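Build the full structure now, drawing on both the sequences and the hints.
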Amino acid sequence: MADYEVPELHEYPIIPKLKEGVMAHSSPFIAADKFQGPLGFPGELPDNWKEVAIDKMGELLGKYRSLQVFLDICVHCGACTDKCHYFLGTTDAKNMPVARQELLRKVYRRYFTFAGKYFPKLVGAVDLTEEVLDDWYSYFHQCSQCRRCSVFCPYGIDTAEISMAAREILDAVGKGQKYCNEIIGKVFVIGNNLGLPEPALADTLEGLEEDIEDETGVKVRLPLDVKGADILVVTPSADFFAEPHVDGLMGYAKVFHEAGVSWTLSSHASEAANFGMFIGSYENMRKLSLRIREAALDLGVKRIIFGECGHAWRVAYSFLNTLAGPFDFLDPKYPVPQHILEFTYNLIQEGKLRFNKAENDDLRVTFHDSCNIARGAGMGQMEGGQFIIPREVIKAACNHFYDMPQDTIHDATYCCGGGGGLLTDDLMELRVKGAQPRMEALKTVTEEHGITNLAAICAICKSQFAKVLPYYGFTMDQIVSVHQLVSNAIVLTGSEQEAELAAEAESK
Amino acid sequence: MSFVSTLYVGLFYAATVILVVGVTLRIKKYAQTPAPLKIPTMPAPRTEAGVAMRMFREVVFFESLFRSNKWTWIFGYLFHFGMLLVLLRHLRYFTEPVWFWVNWVQPFGKYAAFAMLAGLLGLWARRFLVDRVRYISTPSDHLMLALLVGIVMSGLGMAYLVHTDIVAVKAFFLGLMRFSPQPLPGDFLLLVHLGLVALLMIIFPISKLLHAPGVFFSPTRNQTDDSRERRHLAPWAKELEASER
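These protein sequence lines map, in sequence, to chains B and A.
Each residue of the first sequence is one higher than the one before, starting from 493 at the first, in the working numbering.
Each residue of the second sequence is one higher than the one before, starting from -10 at the first, in the working numbering.
Warning: the hint list may mix true and false statements.
Said to hold, decoys possible - Lysine-lysine pairs mimicking DSSO-like chemistry, simulated, CA-CA at most 30 Å apart:
hint: 1; chain 1: A; residue 1: 59; chain 2: B; residue 2: 935
hint: 2; chain 1: A; residue 1: 227; chain 2: B; residue 2: 548
hint: 3; chain 1: B; residue 1: 609; chain 2: A; residue 2: 17
hint: 4; chain 1: B; residue 1: 555; chain 2: B; residue 2: 613
hint: 5; chain 1: B; residue 1: 542; chain 2: A; residue 2: 18
hint: 6; chain 1: B; residue 1: 555; chain 2: A; residue 2: 17
hint: 7; chain 1: A; residue 1: 227; chain 2: B; residue 2: 555
hint: 8; chain 1: B; residue 1: 678; chain 2: A; residue 2: 227
hint: 9; chain 1: B; residue 1: 548; chain 2: A; residue 2: 17
hint: 10; chain 1: B; residue 1: 598; chain 2: B; residue 2: 542
hint: 11; chain 1: B; residue 1: 509; chain 2: A; residue 2: 59
No wet-lab data here; the hints were simulated from the structure.
Everything numeric in this text was worked out from a predicted model, so none of it was measured.
In structure tokens, the structure reads:
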């Protein structure tokens, strides 16, 4: 299946022996000129690239306290060294978070610190060379910015911040990553990552409405560009046709239908994902976010709700107010934005949704906390709501739910292996190997509780798992959307399922 | 006054200026550099008081390190807590009359030096024995530990083996503080001890020792989880917005 070895899954996690440079060959495709321009980046390495790169680093040091502080204060204690899924899966020494940071830090020291300027050997400072730049390109694209290392660092040093800065410097010298930059360009032109134009989108939604009607006998709508709707729903474009994403989207539609609210999708903001974050570009992240503001204003909605997407929820929850706010034109009764899980959870709490859990009785489910939701965002107005709410929603729809081992869930969750702009075929080896810690935890819970399915709330996680599960002896259809479970079990008013339940109750 | 005494007077004045000015400039830089986005490591406290508690647990108990690695935590804690007691005990050489509570610390402080040493040796051992930590260690990491071990050993040597004229040492430091320099005893261990301490003070603002003030400025630890309730905007981001309108 592959020309590299798929990592073994052990009974208990093992910290591997170091092998330096075994992943040095892993680099994503470089963005061509035409993908760089629209984002404001040069298309190739300028002659004075070194100067440009160092200037950019200086600029970022002045703009981001995180970068300045994190580059200064690491003491090389080693607390993070065994916390990265890419290190555990690839065994490459440079994939230890601190070693990854050092790639940038050693250049920072050389050009920006007294010790590095005068005693470079002593403190491990090096000149910026083309080899260093190549190392940056390779290893800063082996970080999914999942922030697991930052949880365990005694100073909270967050490698994601460092990788974002590194990628921004790389973009400034024309070494952009094709996957991310091409996608950002597509959103600017068409409105979503997949490049799905409005007519195709309308067609797809119509098809989904028919599917739901066939299944339940109820006319559940998936409205597009409806002016005056109460709620604008922004969801990752993968929800429009990828599996199992689309089953989740049908779940949202059923919940909205049952709640009796008016809602709409937007063709202008037909993408929740924001790859601007992956490349560390505030400007691009902001430009992408503004599309959501524009759509909300244009449609005249009162609320914004996000679908199941990991990094999109981080941008939405933590950054949207900063990037595209203030949202004083929306109804102040609701947080801006809300998550679909918060919406569904609230309805469940109020007893407004009816479930027939037996519909999910053939499933034994575990839940994968998406890194960006677990460590980059919140949910509900409570600390740790992002762990409680998804599980409560799953339990409301399923009888059989079991968690994976404690050190692999909640804020210690492992990335799926495909986040941070790495969900591309040219990084397949990295993705397979990076999934090892999560697959190991899944295997453990499978052996203990006979788990059949892994539920997720992130478009990237879902796509990544669908691809890598088979490498580890699972099947691709074991990954499900949380709202797919909701969709399976929800009993719509006036549906065939409701009638059947009533008949059953009567015959008893 | 002897040449050595004069040299140490100059050394300690210089080291103090470098330490205070250097660290102040660094703190100023950290404080003035904006944090444009809310990036607390979640779940994070939703109030300022909660953030203060989180920082307290981090600084006083090394909470994150405890979760991460028990060996590093034990050695790190022995070293830092030992050092705290030792430093408090040393206040008796800088105060006249000695504050009453410094006398209470005195007996613990004397033994804390051993805890400090054990911690340092444990941390140093990790740099040789654990392949991951060995890989990330730079020469300066080893030298820093050597420097601290040197300080502790020379101090222990004076406390338990070759005593120095401690009354004269106190007179020397009080003299420094009152800008009326006094002679320093010429004992070898004392000169080594104080020389290494001055060196530590000098490299503090240009080294990883900045983790001490730096941790308080770490956005992942010192921000509140309130991004949906309050709009957070850096000055440069505000300018960016203004330039577009």
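Hints broken by the structure, by number, lowest first?
Of the numbered hints given earlier, the structure breaks none, since each of them holds.
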